[in-house]
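*Asks:* Chains as they are written, first to last, in my numbering: chain A, 556 to 799; chain B, 6 to 343.
Careful: at least some of the hints might be erroneous.
[What the hints assert, rightly or not] Where chain B lies over chain A, by a calculated footprint (3+ residues, C-beta under 8 Å):
| # | segment |
| --- | --- |
| 1 | 579–586 |
| 2 | 751–759 |
[As the list claims (entries may be wrong)] Computed, partial: chain A to chain B, Cβ under 10 Å:
| # | residue |
| --- | --- |
| 3 | Glu566 |
| 4 | Asn568 |
| 5 | Asp590 |
| 6 | Ser729 |
Hint data in this document are derived by calculation from the structure and do not stem from the laboratory.
Note that CB positions come from ideal geometry on N, CA and C, so glycine has one too.
Listed here are the chains, written in short residue letters.
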Amino acid sequence: MADPDPYDILEVNANATFEEIADAYDRIMAYLGADSLAMYSMLDDVDLGAQRVSVEDAYRVLSDPDRRSAYDRHRGGYPDLLVPRSAGNSTLTTDFGSPTPTSTGHPRSQSPAAPSPESHAILAAPSEGQSARPGRGGLARPTSARRVFPTLDLPHLGDESELGGADLRRLRESAEASIEDIAVITKIGKRYLRAIEGNDFDSLPAPVYVRGFVGEYARALGLDADSVATCYLRLCRRYREGGG
Amino acid sequence: MNFAGSEDSTEHLVAAAAESALARGGADGGRREIIAVGGGKGGIGKSLVAANIGVHLAQSGRRVVLVDADLGGANLHTCLGIQPPRQTLSDFVDRKVSSLSEVVCPTPVKGLSLISGALDFLGAANPKYTQKLRLLREISRLDVHNVIIDLGGGTGFNILDFFLIADHGILTVVPEPTSIENAYRFIKAAYYRRLKTLDLSLNLRPLVDEALADKGRGLKTPADLIAHIESKNPDAGRTLRQQLDGFPLQLVVNQTRGAQEDKLGIAISDACRKYFGIPMRFLGSIPYDDAVWRCVRRRVPVLSAQPNSPAAGAIRAITRNLGLHSLTAAESQSPDKT
Numbered sequence: 556m557a558d559p560d561p562y563d564i565l566e567v568n569a570n571a572t573f574e575e576i577a578d579a580y581d582r583i584m585a586y587l588g589a590d591s592l593a594m595y596s597m598l599d600d601v602d603l604g605a606q607r608v609s610v611e612d613a614y615r616v617l618s619d620p621d622r623r624s625a626y627d628r629h630r631g632g633y634p635d636l637l638v639p640r641s642a643g644n645s646t647l648t649t650d651f652g653s654p655t656p657t658s659t660g661h662p663r664s665q666s667p668a669a670p671s672p673e674s675h676a677i678l679a680a681p682s683e684g685q686s687a688r689p690g691r692g693g694l695a696r697p698t699s700a701r702r703v704f705p706t707l708d709l710p711h712l713g714d715e716s717e718l719g720g721a722d723l724r725r726l727r728e729s730a731e732a733s734i735e736d737i738a739v740i741t742k743i744g745k746r747y748l749r750a751i752e753g754n755d756f757d758s759l760p761a762p763v764y765v766r767g768f769v770g771e772y773a774r775a776l777g778l779d780a781d782s783v784a785t786c787y788l789r790l791c792r793r794y795r796e797g798g799g
Numbered sequence: 006m007n008f009a010g011s012e013d014s015t016e017h018l019v020a021a022a023a024e025s026a027l028a029r030g031g032a033d034g035g036r037r038e039i040i041a042v043g044g045g046k047g048g049i050g051k052s053l054v055a056a057n058i059g060v061h062l063a064q065s066g067r068r069v070v071l072v073d074a075d076l077g078g079a080n081l082h083t084c085l086g087i088q089p090p091r092q093t094l095s096d097f098v099d100r101k102v103s104s105l106s107e108v109v110c111p112t113p114v115k116g117l118s119l120i121s122g123a124l125d126f127l128g129a130a131n132p133k134y135t136q137k138l139r140l141l142r143e144i145s146r147l148d149v150h151n152v153i154i155d156l157g158g159g160t161g162f163n164i165l166d167f168f169l170i171a172d173h174g175i176l177t178v179v180p181e182p183t184s185i186e187n188a189y190r191f192i193k194a195a196y197y198r199r200l201k202t203l204d205l206s207l208n209l210r211p212l213v214d215e216a217l218a219d220k221g222r223g224l225k226t227p228a229d230l231i232a233h234i235e236s237k238n239p240d241a242g243r244t245l246r247q248q249l250d251g252f253p254l255q256l257v258v259n260q261t262r263g264a265q266e267d268k269l270g271i272a273i274s275d276a277c278r279k280y281f282g283i284p285m286r287f288l289g290s291i292p293y294d295d296a297v298w299r300c301v302r303r304r305v306p307v308l309s310a311q312p313n314s315p316a317a318g319a320i321r322a323i324t325r326n327l328g329l330h331s332l333t334a335a336e337s338q339s340p341d342k343t
């Protein structure tokens with residue numbers, strides 16, 4: 556099934572400005588937000604959670620010019636947060652921007668700029684336990700600084716495979732990424748990221764949220780978000796059906 | 006007062022009301038508009054809203070009649086500071102009087118009259134559905150500019166039918182989950198009631214029944230229902246969507262405290278449009294105001310006794326937002342009949 560169109564989700568035109576997108580997000584979260592009475596009894600918790608996740612995802616794409624451009628180019632699919640470099644280079648980059656011409660004519664022959672402390676400060680992680688409201692000030696325009704992760708040794712995921720938090724942590728560590736790095740990229744609170752890695756299922760929210768969180772985590776590492784999330788939820792479901 | 010009659014009688018009922026609407030010539034040849042105030046829950050201020058909208062319209066020169074259809078819980082006479090009238094709605098329904106105008110009584114507000122439901126209690130009478138039909142026709146023919154019907158709580162067929170014949174159906178809520186839950190229940194009930202009556206002309210009963218039977222298996226909202234019907238019969242789905250545009254749904258949020266609750270009305274309207282597929286106009290919020298309970302205690306309308314209070318100002322704004330048609334010069338100059 557194709558990913559839903561973020562423009563449709565936020566009910567904005569394809570040429571909407573950032574202000575229009577932010578206003579649309581605010582207006583939708585006014586009734587979808589956790590504190591709102593407007594949705595009481597209209598949808599059940601699972602559907603409500605799914606709606607919130609889809610709105611958050613849509614805003615995350617459309618409020619970031621590079622992600623939005625990448626989406627508009629791809630149209631119909633959310634772009635991976637990380638794209639592989641050309642052959643011969645073992646690093647991954649988060650660069651969605653237009654390739655910068657270099658003296659060699661190859662857009663990615665340049666080494667990416669080392670991340671500056673300011674860029675990490677701008678892309679601040681959300682508060683613990685709160686949905687990642689990418690505020691207009693909090694979600695800065697992407698800068699030229701990008702964190703680069705090494706290529707990962709990807710596990711094979713079959714139809715019945717389970718993938719646990721320890722696997723995700725191992726993959727993250729082999730990518731030389733910290734929990735903070737993942738929190739910055741995904742806007743997921745570190746509390747939930749630690750719970751995911753620790754298989755602390757009792758501390759995780761409803762499955763619809765967990766699927767979203769694990770998918771974003773996987774995407775940040777350049778992994779297949781759907782496969783990883785499915786395999787993780789398989790483990791989670793087994794735990795919960797077993798009575799914890 | 007329970008109106009006997011099968012569910013199928015609703016089709017005749019609403020069709021007859023529709024005919025009445027076509028002949029709904031108001032006072033002095035202008036167009037009479039009917040306002041119904043409901044909410045699905047008791048004690049949230051429907052009578053306050055109905056009475057004070059009536060006061061404001063009367064103060065602006067219109068002839069208005071309030072109809073207290075909250076049988077068993079009639080309060081409009083108390084809100085207006087008059088004793089329970091001797092002749093009430095059930096006298097007309099029971100044919101103790103031949104014309105509805107015989108049970109219209111004056112109020113202290115010039116231009117404002119009342120058809121009271123006082124002294125009537127549930128089960129006092131059991132008219133046939135033809136009585137309800139007659140009542141709706143007579144309401145539509147009253148010689149006034151506006152009829153305002155104060156509905157009771159709940160989602161009984163009587164309440165829904167009165168709501169559906171109105172030009173302006175006002176849903177009143179307070180910022181509490183129980184009120185909002187009841188309001189959504191009311192909206193769905195009214196919508197499905199409307200859907201069943203549309204089936205007459207579109208011959209969609211099997212499709213609608215099938216879709217309604219699927220509720221809970223993916224068809225959780227009216228929007229799901231329409232989408233399902235549209236997938237089976239695109240023409241029917243398109244027509245149903247057009248009919249929904251005429252659904253007379255408007256919202257008032259009463260007893261708001263603070264800016265966040267003032268915004269609740271917009272949030273509810275947006276949510277209703279998006280997830281029910283039903284457009285809803287937000288008319289405004291009425292702030293929690295001590296002036297209101299003081300006036301209720303004194304049995305006077307807040308618009309009369311405390312016109313400068315925040316609640317009174319809010320009700321005036323809500324009335325303006327209804328978008329009632331303007332009185333013609335002839336209508337404005339006609340002598341009052343109180």
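*Asks:* Check each numbered hint against the structure and report the violated ones by number, ascending.
*Replies:* Violated hints: 2, 4 and 6; rest satisfied.
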